[in-house]
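Participant: The lines below spell out each chain.
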Amino acid sequence: MTDDALVAEDIDVRFGGLQALTSAAVTARSGEITGLIGPNGAGKTTLFNVITGHQVPNAGDVRLAGRSIRGYGVHRRAQLGLSRTFQKLEAFNSLSARDNVLVAAEMTSHTRKPGQLTDSILARVGLTDVAEITVGTLPTGTARLVELARALATKPRVLLLDEASSGLTEEETASVGDLLKQLVVEDDLAVLLVEHDMGFVMNTCSHIHVLDFGQIIAVGTPEEIQNDKAVRGAYLGVES
Amino acid sequence: MKRFQIRTSLLVALGAALASLTILVWRYGADTEVSSEKIVVATVVGLTIGALYSLSATGLVVVYTTTGTFNFAHGGIGVFSAFVYWEIVENRTGPELPQWLGLLLVVLVVAPALGVAIDVILMRRLRDAPLVVQLMVTVGLMVFLLTLTGQIWQADKIRGVSFFWEGQGFSIGEQKVAWHRFANLVIAAIIAVFLRILLFRTRMGVAMRAVVDNRDLTALNGARPGALSAFAWALGSSLAALAGILVAPEVEFNPTNLNSLMLIVAISAAAFGQIRSLPLTVVGGLLIGLLESYNREWIDLGADFPFAGRAVAPIVLFLVVLALPQARLSVGRVSNNLRPIERTTHVWEGAVGAVFIIFMGWAIARGALHFLVWDPGEWSSVSLNKGISAMVLALIALSLVPLTGWAGQVNFAPLAFAGFGAFLFLRLGLWFGVPDTGGTGNLVWLPVIGLLCAPLGALLAVFAARLSGLYLALLSLAFALITSNVLFPHPQVFPRVHTFPSPYLDVGLFRIDFDSRFSFFMLLMTMFALGMFCLVVLRRSRYGRRWVAMQDSQAAAATVGVNVIWTKIVVYATSSAMAGMAGVLWATSKSTVDFRDFDLLNGLTIVLLMAAAGMSFPVAGLFLSFQFVFEGLAERLEQTGNVGFLVWLLKDFLAKFGPGMLAIGMVVNQRGAIFEMGKGFAPLLPWRDDARAELAAERATKREAEIGGLGLTEPFTSEAVVGLDSALGIVDDVTPGAGYRHGVARPMESTHD
Chain A
215 MTDDALVAED IDVRFGGLQA LTSAAVTARS GEITGLIGPN GAGKTTLFNV
265 ITGHQVPNAG DVRLAGRSIR GYGVHRRAQL GLSRTFQKLE AFNSLSARDN
315 VLVAAEMTSH TRKPGQLTDS ILARVGLTDV AEITVGTLPT GTARLVELAR
365 ALATKPRVLL LDEASSGLTE EETASVGDLL KQLVVEDDLA VLLVEHDMGF
415 VMNTCSHIHV LDFGQIIAVG TPEEIQNDKA VRGAYLGVES
Chain B
1040 MKRFQIRTSL LVALGAALAS LTILVWRYGA DTEVSSEKIV VATVVGLTIG
1090 ALYSLSATGL VVVYTTTGTF NFAHGGIGVF SAFVYWEIVE NRTGPELPQW
1140 LGLLLVVLVV APALGVAIDV ILMRRLRDAP LVVQLMVTVG LMVFLLTLTG
1190 QIWQADKIRG VSFFWEGQGF SIGEQKVAWH RFANLVIAAI IAVFLRILLF
1240 RTRMGVAMRA VVDNRDLTAL NGARPGALSA FAWALGSSLA ALAGILVAPE
1290 VEFNPTNLNS LMLIVAISAA AFGQIRSLPL TVVGGLLIGL LESYNREWID
1340 LGADFPFAGR AVAPIVLFLV VLALPQARLS VGRVSNNLRP IERTTHVWEG
1390 AVGAVFIIFM GWAIARGALH FLVWDPGEWS SVSLNKGISA MVLALIALSL
1440 VPLTGWAGQV NFAPLAFAGF GAFLFLRLGL WFGVPDTGGT GNLVWLPVIG
1490 LLCAPLGALL AVFAARLSGL YLALLSLAFA LITSNVLFPH PQVFPRVHTF
1540 PSPYLDVGLF RIDFDSRFSF FMLLMTMFAL GMFCLVVLRR SRYGRRWVAM
1590 QDSQAAAATV GVNVIWTKIV VYATSSAMAG MAGVLWATSK STVDFRDFDL
1640 LNGLTIVLLM AAAGMSFPVA GLFLSFQFVF EGLAERLEQT GNVGFLVWLL
1690 KDFLAKFGPG MLAIGMVVNQ RGAIFEMGKG FAPLLPWRDD ARAELAAERA
1740 TKREAEIGGL GLTEPFTSEA VVGLDSALGI VDDVTPGAGY RHGVARPMES
1790 THD
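Quick mapping for you: the protein sequence lines, in order, are chains A and B. Numbering-wise (the working numbering), the first sequence opens with residue 215 and increments by one. Numbering-wise (the working numbering), the second sequence opens with residue 1040 and increments by one.
Bear in mind the hints are in silico, worked out from the structure with no lab data behind them. A couple of the hints might just be wrong.
If you want a taste of the chain A side facing chain B, the calculated C-beta under 8 angstroms gives, among others [claimed, not checked]: (1) 286; (2) 293; (3) 298; (4) 300; (5) 316; (6) 320; (7) 368; (8) 393; (9) 413; (10) 417; (11) 441.
The beta carbon of each residue, even a glycine, is placed where N, CA and C say it ideally should be.
Isolated chain B, as found in the complex (with noise of 0.2 angstroms):
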């Protein structure tokens, strides 16, 4: 099996070589751009970056094999360690260090901190928690730190980090090498022998390996879990934190761009190893580091693709995942999920639900509850711009629903949808309607739009069909990586210069315009409630259940006749479409569309408020106007002169570390907020009897672990009348489990004065 594996990444790794040599020799057919000296720049440049990634994706990978977390705060734990170096010996903050120094303290101090914390307060917790779970709070740890970077180290200024040894080196025949460039290469020589040793040769590795299969056995084998796997977290970090620190002086010094080098191609690195093999890992980022340096020295694709360099890793990520072994339908495998215990929704319910919501947004907008709460009435256009921002990402969130809440695909590239929506609504508009301008702004276009995007989700789901759980989360990271950095930016999609016409929807007789910012809040409203509507519909449909029934087993979905692969195309198109059209209405919402906007950490956003809202209800699109509430609630307090705490509360925390935050906070709340807002409040429904069977149910089991109604809820033990006796002071000079050994509680005798 492990033999198979390590063919299949060697098989990647030819392909790439042969790949490369192919553009080698072509180029130097064609011109004269190539010669044996630029060669070697290129494959020394490419190596010692290639260094640096595979650094850090053996970080990741460590952490993987010895705690079963895949990290996606690595390249966070990383660029927030390569700001502390900063911070420490170029800003000189505290006493002047040496380099070397501060470096030492970053990596051997802060950074295992940093890594130990997140063990201890996050990560031991999630030990037995769904992957989707897991995912998903890394994923939010990842956020917080990078806003938490960008917020200590404001984009005000421009900062550099230095190379050590700056402008010295040694040559090669005529090539000079920077002394820092060999120094990447020893150092991840050295640290890659470390580990190897360290997880192979010694008790501790071997101890830190089989933490993982058998944590509960590896216990009683004499090791401490625990200690183990903070060990691992401290390690990880480190790693992370001197791969950021070395990375740092060569590219641009931002938390964004640092983040995406050191993490983007650290699990591209890891994923050509599996995961699993350090040096596999090691041949995957000296291979990435080669690939983009030849890809910047020759595979020039001009201005139009000016990001192209970026995608080389999710490239590599995407061959990878998809060369991987078959996995086969797997019977017998528990699917570790958490769905909510969840009773389907009546379509009337739904139906009510809706109407509730226009009439809310109708009247919160209009500021008809005025009289409820402190709100000063009607919105000006910066609310309702706010407003109509929210409810666009709520659509968008929709998409995600009947993919990752029912049929459990997990999907990081919503925006790779919406923004597929946005470009071809705009070519539709210079093909038929007028040419300066971006859409037609007929909304009748939308359900064609929604068909024309369905088939890009299909195709995403041909290659995700035989993947499940983490490998499918990477292939679909690649996917939105590849399309925002390579497809979006390229300048005939998004051009400068357009403008989107004030949708209007034009039928029959009628000419409906949505032209004020408030009839176009109210389209989206009405839209929102109308997508939630029929996802309602749609879980009672018979392709809604069998989402459901997939995503709990797909073996037993099989067995009953249920084609899987089939089902998961239609899944995926369906939330393609989704996502498309509601990228329509975002397109219009602005007057241009960047495709920045369409950029990976936005994306996550929304998956993130989405598993922390619960993306089994389609009501959680709602949660995506969290941040724009916050905002709005801060600009209110801002008029009305108030106190600027709060205005600093709201908008500058809680709206922007909002999302990582609640996303870290699935650590105690696994199944979304929604599920437990709905277990306080369904009770409460004249109608539903059930949700108050079930909490009286709940309540009665509670009484009865209580040991006969006294409160208790363990045995009262003999030991504990000891504990009990001596702390209230009344123990006479019996040692404890002598005389109280057969648990025969003697009569209190007081000894007080």
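Isolated chain A, as found in the complex (with noise of 0.2 angstroms):
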């Protein structure tokens, strides 16, 4: 399977005696949106944090495009393509919206022009209006967009989004939905989201692994998932 963009295996992390993630696996293809679903305290941010790199885990492997990328640190596997959003907004506060995303674009080897990068991110975000503008004043909402923009900007071939639509109003986040659809067709971009929001997800994604108690129960489409007994027993608490 080649436009595999992303393949996570048998990721195992433990915290102390706490059992975080147990062989989990997941899989985000090119020009697609895949969802990661599960409980508060399934290991979503987790597994995100072992795919970018910032939490070793204790076995398992990462490939990007195929490429093993085990050991690489956080801004080695950012040049290779691998870009995310945080949960905990995790903006550059005291740079301009636009000082953000142009931070991004500097480091994007294949860019001769940085502000022209920044700029066109910036318009298709919709944040022109407060390029200028401090982030650490901006509303929540916006500064999502902003870490949104300053993750295209790094030009990623997986982007992986945590919870991007918290904070956001309605609007908005039908907005960074069709954004997000535009973006995996014509940029071919492999989308990994973490989602609260069911009704986001449902929509946008084309398939979804859901994750609980650090363990992938079910992978499918929308439609099979929100059909699957061992899914609704881990979100109602029925025993499946």
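Please assemble the complex out of the two chains, which come individually in their own frames, going by the hints.
Facilitator: Below, the structure written as structure tokens:
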């Protein structure tokens, strides 16, 4: 399967005595949006951290376009085309929105004109009006969009979004959804998103992975997931 | 997690023990210096001093674990208390008191009162402040207390504190042990046990430890956070005082010396216990005591390293900080920084500012502005020398702007880099210049020395790369102490007899001399303006952006592809190069350079003033002239025969206490003076529409907060109405809360006659 842009396999993470992830696996394909859902504390963010290199797993392998990136640092993975946003906002608060994106654009090795790339991304995400405003003073929703724009400026092949819609209004959420759908098609991008807004997930994702207690309990299309007994059990606490 | 950390400390302890053992064995083989008798003596001395170190360090740990503040003023409190004790007991001011009563008075009354005052007046307001502000305030307090002690008990006579039970002791076999040494051990042991029981076995102790984790939650559970933190500070101060008084007879009794013993050793021992574990802290204190004692006895590095003994604790600190468990790039931890919401200065603004600074330097020194102010005209050579000193410090301070102001790397060691630069200049002069003088004088060497200094910064960066916050500050502290106690005092580094030639610039066909004081002052002014301009350009470049981004969120910077470690190396190297070049100018500004010029306190003063001014602004460097401005003004007043009080105020009060007080002032003004000044000033500039808009917006929000434009900032509740009524005496027999319960304001009926 050559179009698997991102494959994470058999990921084990232990925090002391706590088994956070048990042979978790996730796959994201180019040109598609893949969802990763699960109850609170299921290990979604930990899995993200393993993929981006913020967390060293006890076991398992992550492959980017077929190439193993085990042992690579965060910034090297980023340079190879892996980008992300954070669950808790991690924008560069004392820089302007434009500078936030520009920092990322300047790190993108194949960009001749980081300024142009920045401006086009800002326009695309709809941030042109607030470009010169310090991000620390922007509302959370807008700052999330800045994070998204910043992630896009690295020209990623795989984009990981950790709760992209939290803090956004319904309209903003819808427009982010549309934007993502556009992006995956136009740039042949693979998007993996963690999300609590089920409507958003069901509408945008073509495949969904469900994580519970550190294990993947289901993989499938939105319809399959909605009808999956184990998933219902995990979410509603029903014995499956 | 906890077990792992303890293992790290034990590992360091084991390493240190092995090292001392190796040295002992090696020395044992070498000659007969080592005898069992000597080992016993050195061990006893080491342990008993170490017990005092432990005592002091536990005070630091208690305050940190219960209030979350790392108290750099700990030593200062100890020093001040020890001098109060001296005043009472040795100098016999007031009624004659026996030693023990004086000790109790200071330890149980004076020191706790000081601690509570510090907590109530300062530290409570800093609870949610960023770490840098907390650090700067306690460092400022330390400088303040040391200055205060130095001013009250001037260094005009030699003071001494006598031991308890002077001259009495008992014997273990052949060996005599003085009672006071034995008492140290007993007191330290009792205190350690007492603290252990207090913190872990009593309700109060549990509450104290809980407060630091979640203050509000603890308060909800019925604890009183204010009282608890006051108690913690009182306890910490008592321990500092006790340790200070007991250490005093053992050492040269002056504020700086006592402070370095009390503070540096306490910090090292506390770091050994990861500023958390009391037992490990006690072990750390004893270990440092032993190492110092063995070092004195056997590892004599000779006359070349006269102060190496003082570096024992810093070396332990350095190693402990390095051995700490690797801090991961933490995701989701809010970096609680208070960087001003600042607008990036435009290049043209930087250029105009630079030209303006050069012009002002010229105008003030030449007395060209004397028609504007009462300043009587052209500067004397004394004033010029003051101006030169100020500008040299300003140049060193510029090096902190990219490193600490932008990249957020706290650095207490700017003078280590400056000293290295001065040293290199001297060496290059000896190799390539006139043999008997220091430096070639040719400023063409400046960039070369900058380049040579960069690796030193890079080296520190390699060590510092995975650290942040407090541990980073401690690492740079250790670095500053190691350089200033081991490296710089070596007689070959800054030879006693050497003179720096006056600087000149030899390029191509031109040779520009800066041999007059005025031309040298103007050279420094120009250098500063140039440096400031370069920083403005740098801040607007991709590097400046990247550094600020890294300070805001390291995790996010890495996810966009920034190599955090490499970026840190670059910024440290840049800062080090800048400080090194400034160090050269410092050396050339004086005829001789002394290793004492580069000591920790001088460096801290620079850092403090920069922090108080606003570390992220290059122009803040001008704040370093602060002390000299006051001194200069005082001299002018003296010449014109003006009032003594003003002179005292300027010279002995403001100039001396200023740095400490300004840093303490960060309690209220956390963003620094430049930011506050700029906020008021920027709207006046014709091109700053943004500042005017911001000001208008701020006023609008303030107006909005006032309810209904009535100038009220809180809603008018029924309770408030009742309170108002009763205050005005217009209440009839309505009891509060009964008639007005539903907030219906009754028509006021005046009951006045």
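Participant: Does each hint fit the structure? Answer for all of them.
Facilitator: Do the hints match the structure? See the list:
{"no.": "1", "hint": "286", "verdict": "violated (11 angstroms)"}
{"no.": "2", "hint": "293", "verdict": "holds (5 angstroms)"}
{"no.": "3", "hint": "298", "verdict": "holds (5 angstroms)"}
{"no.": "4", "hint": "300", "verdict": "holds (6 angstroms)"}
{"no.": "5", "hint": "316", "verdict": "holds (6 angstroms)"}
{"no.": "6", "hint": "320", "verdict": "holds (5 angstroms)"}
{"no.": "7", "hint": "368", "verdict": "holds (5 angstroms)"}
{"no.": "8", "hint": "393", "verdict": "violated (19 angstroms)"}
{"no.": "9", "hint": "413", "verdict": "violated (26 angstroms)"}
{"no.": "10", "hint": "417", "verdict": "violated (27 angstroms)"}
{"no.": "11", "hint": "441", "verdict": "violated (34 angstroms)"}
In terms of the numbered hints stated before, the structure departs from hints 1, 8, 9, 10, 11, listed from lowest to highest.
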